[in-house]
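**Student:** Just so you know, the protein sequences line up as chains Z and B, in that order. Residue numbers for the first sequence follow the working numbering, beginning at 1 and rising by one. Residue numbers for the second sequence follow the working numbering, beginning at 1 and rising by one.
Just so you know, the hints here were simulated from the structure itself, not pulled from any lab data. Here a beta-carbon is modelled for each residue, glycine too, at the ideal position from N, C-alpha and C. Don't take every hint at face value.
One-sided excerpt, in silico: chain Z residues whose CB lies under 10 Å from chain B [stated by the list, open to error]: (1) S33; (2) G40; (3) L45; (4) A52; (5) G53; (6) E72; (7) N99; (8) R108.
With the Cβ distance kept under 8 Å, some of the chain B side facing chain Z (calculated, not the full set) [said to hold, decoys possible]: (9) G62; (10) F63; (11) K101; (12) L102; (13) I103; (14) Q106.
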Amino acid sequence: NAGVTQTPKFQVLKTGQSMTLQCAQDMNHEYMSWYRQDPGMGLRLIHYSVGAGITDQGEVPNGYNVSRSTTEDFPLRLLSAAPSQTSVYFCASRGQGYNEQFFGPGTRLTVL
Amino acid sequence: AQSVAQPEDQVNVAEGNPLTVKCTYSVSGNPYLFWYVQYPNRGLQFLLKYITGDNLVKGSYGFEAEFNKSQTSFHLKKPSALVSDSALYFCAVRGSSNTGKLIFGQGTTLQVKP
Chain Z
1 NAGVTQTPKF QVLKTGQSMT LQCAQDMNHE YMSWYRQDPG MGLRLIHYSV
51 GAGITDQGEV PNGYNVSRST TEDFPLRLLS AAPSQTSVYF CASRGQGYNE
101 QFFGPGTRLT VL
Chain B
1 AQSVAQPEDQ VNVAEGNPLT VKCTYSVSGN PYLFWYVQYP NRGLQFLLKY
51 ITGDNLVKGS YGFEAEFNKS QTSFHLKKPS ALVSDSALYF CAVRGSSNTG
101 KLIFGQGTTL QVKP
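Given these sequences and hints, build the entire structure.
**Tutor:** Encoded structure:
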């Protein structure tokens with residue numbers, strides 16, 4: 001199993017550009033989440049999904065959209081990038097019950 | 001609302017000494033508690049979890065954590081620190097709903113000196 005994969009690893013955007021961060025998992029996990037990591041602030045939940053077709057907002061959803069058309073994929077869209085969205089983004093998934101989350105390697109995004 | 005607090009930005013210990021990284025939480029209902037570790041430029045790795053049962057939970061790499069319901073704490077411990085334990089440690093909590101969100105603390109940097 002590849003686990004949780006994320007692409008790209010690095011990305012530089014200009015203010016106002018849009019892009020999609022990709023996340024995929026091959027463990028047939030129901031639950032998937034997106035977090036952003038900023039120094040001194042830990043990981044903050046952006047959006048999460050409890051299954052295909054179902055998504056919900058986390059702590060910091062503004063400026064981001066998600067969709068979950070399949071169990072495997074959970075892309076994160078930045079509609080109009082802002083410098084405040086410069087961060088490291090992690091995707092995670094977990095199975096049913098009391099299981100821990102598995103994290104992807106992260107995407108480092110810089111918005112100029 | 002769920003929340004997690006890690007009161008120390010950094011913990012410094014000498015190699016061979018015991019270490020403690022503190023975590024307190026707030027959640028409705030029974031908590032599900034987790035510790036993760038992050039090495040530089042890497043993703044998060046799961047260390048251990050408390051769901052129910054014995055208050056002392058053992059995890060990877062010799063780490064353990066003690067759940068204290070009355071103090072709403074879940075401190076991470078290791079009897080003898082290694083230089084290779086130096087990393088960023090995150091505590092996280094999820095509520096008892098199976099669809100509950102996992103909320104993280106701000107992280108504690110552990111520095112183990114030879």
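**Student:** Could you run down the list of hints and mark each one as holding or not?
**Tutor:** Right, here's what the structure says about each hint:
1. S33: holds, 7 Å
2. G40: holds, 6 Å
3. L45: holds, 6 Å
4. A52: Interface hint status for A52 of chain Z: violated (14 Å vs cutoff 10 Å).
5. G53: Given a least distance of 14 Å, the restraint on G53 of chain Z is violated.
6. E72: Cβ of E72 of chain Z sits 18 Å from chain B, so the hint is violated.
7. N99: Hint on N99 of chain Z: holds, closest Cβ of chain B at ~8 Å, below 10 Å.
8. R108: Given a least distance of 9 Å, the restraint on R108 of chain Z holds.
9. G62: Violated, because the Cβ-Cβ distance from G62 of chain B to chain Z comes to roughly 18 Å (cut-off 8 Å).
10. F63: Because about 14 Å separates F63 of chain B from the closest Cβ in chain Z, which is outside the 8 Å limit, the hint is violated.
11. K101: holds, 6 Å
12. L102: Nearest chain Z Cβ about 6 Å off; hint holds.
13. I103: OK, holds: I103 of chain B within 8 Å of chain Z, min 7 Å.
14. Q106: Since the shortest Cβ distance to chain Z is 4 Å, the answer is holds.
In terms of the numbered hints stated before, the structure departs from hints 4, 5, 6, 9 and 10, listed from lowest to highest.
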